[in-house]
Every structure is written in structure tokens, then in C-alpha cells.
Amino acid sequence: MLRMSRRIKPPRPLNKELPATLAVSWLGSDQHGSQVLTTARNLLAVEHATKKVLPPSLALVCRVARIDRQQMTLAVPSAAYASKLRQLAPRILQLLNDGGWNLNEINVRVQAALLQSRTKAAPRQVEPMDDNALDAFNELQDNLPPGPLADAIKRLLAHHRKT
Numbered sequence: 001m002l003r004m005s006r007r008i009k010p011p012r013p014l015n016k017e018l019p020a021t022l023a024v025s026w027l028g029s030d031q032h033g034s035q036v037l038t039t040a041r042n043l044l045a046v047e048h049a050t051k052k053v054l055p056p057s058l059a060l061v062c063r064v065a066r067i068d069r070q071q072m073t074l075a076v077p078s079a080a081y082a083s084k085l086r087q088l089a090p091r092i093l094q095l096l097n098d099g100g101w102n103l104n105e106i107n108v109r110v111q112a113a114l115l116q117s118r119t120k121a122a123p124r125q126v127e128p129m130d131d132n133a134l135d136a137f138n139e140l141q142d143n144l145p146p147g148p149l150a151d152a153i154k155r156l157l158a159h160h161r162k163t
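In the working numbering, the protein residues as written are 1 to 163.
Hints were generated in silico from the structure; no laboratory data involved. Be aware that one or more of the hints could be misleading.
[As the list claims (entries may be wrong)] Cross-link-like lysine to aspartate or glutamate pairs, in silico, DMTMM-like; alpha carbons within 25 Å at most:
1) Lys-162 <-> Asp-135
2) Lys-51 <-> Glu-105
3) Lys-154 <-> Asp-135
4) Lys-52 <-> Glu-105
5) Lys-84 <-> Asp-68
Could you build all of it, start to finish, from the sequences and the hints given here?
The following block contains the structure:
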């Protein structure tokens, strides 16, 4: 008797809203949660505005860690980024103030864990060379004059014949 397996779909929520939308609406319904939500939105808005004025490589790794009164703390993953950010701080302050943010000072903190929170790249999928491909490279190597290309093909063949 042959059984066919089916994928079982998880149950759908009764209402059509996404879980994130439900969480935000629930958070906004409580006074304390509403303050947290307002602070989070404020941090995201100033981070978005800050990233617009930063060079692209710095914008990728910079995060707004905190705003306290008129001081903003930016977090970066290394001292090199922090140094560059400190050089740009007066320009960033001016551009943010021109955009409506009331800030007087930028503090920079190094937080090495910021790099660890980035998503991991998908593992590379490698297909080994079949015998026809190896024979073709072998023939190519036999017909090449000595030089860097012939040496590279020799290393390629040695590597792929091992595995």
C-alpha cells in the first residue's frame, strides 16, 4: 500500500491582520506600552534620517542606540567606524537639525556585537566537476605553454582529483 504524504499547513489566524500588526496595536493600547512604542518609532525615525546623511558603508553598520534629552548615541561595530563617525559628527548634527531634529551632541559607542547580528550569507552550493570536465581541463593543460595559466589549471586539477 502506497501512502502519499501531504504538507500540513499551520492554522491561519482568525482575523486577517498580520501578527506584527496585532503586536503593535496591542502595544499601543497600554499607556506604558504606548510610551515604548513612541520611543521605538522615534529611534527608528532618527536612525533613518541619520543613515540618509552618512556614507553608504557607514550607514550599513551604524545604529541609533539612544536619545537622551538632546544627545544622541550612535553605535558602530569597530573603532575604525567610530573614528570616521566622530569626524562626521558636526556635519551629521547640522543636517539632522536642518531636518527638524533638536540635537546638540552625538556620542559614539563601539559595540562589537553589531556585526554578529547581521544575517548570515547562504552557504555556497558547489557542484564537483565530473570526469568529462576534468578530462577537458587535462587536455587544455597539455596544450598550454608553461606559465601562470598552466600552473593554475594544474592546481585546479590536483584539487578536484583529491575530492
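Hints and how they fare:
| no. | hint | result |
| --- | --- | --- |
| 1 | Lys-162 <-> Asp-135 | holds (15 Å) |
| 2 | Lys-51 <-> Glu-105 | holds (17 Å) |
| 3 | Lys-154 <-> Asp-135 | holds (12 Å) |
| 4 | Lys-52 <-> Glu-105 | holds (18 Å) |
| 5 | Lys-84 <-> Asp-68 | holds (22 Å) |
The earlier numbered hints are all upheld by this structure, with none contradicted.
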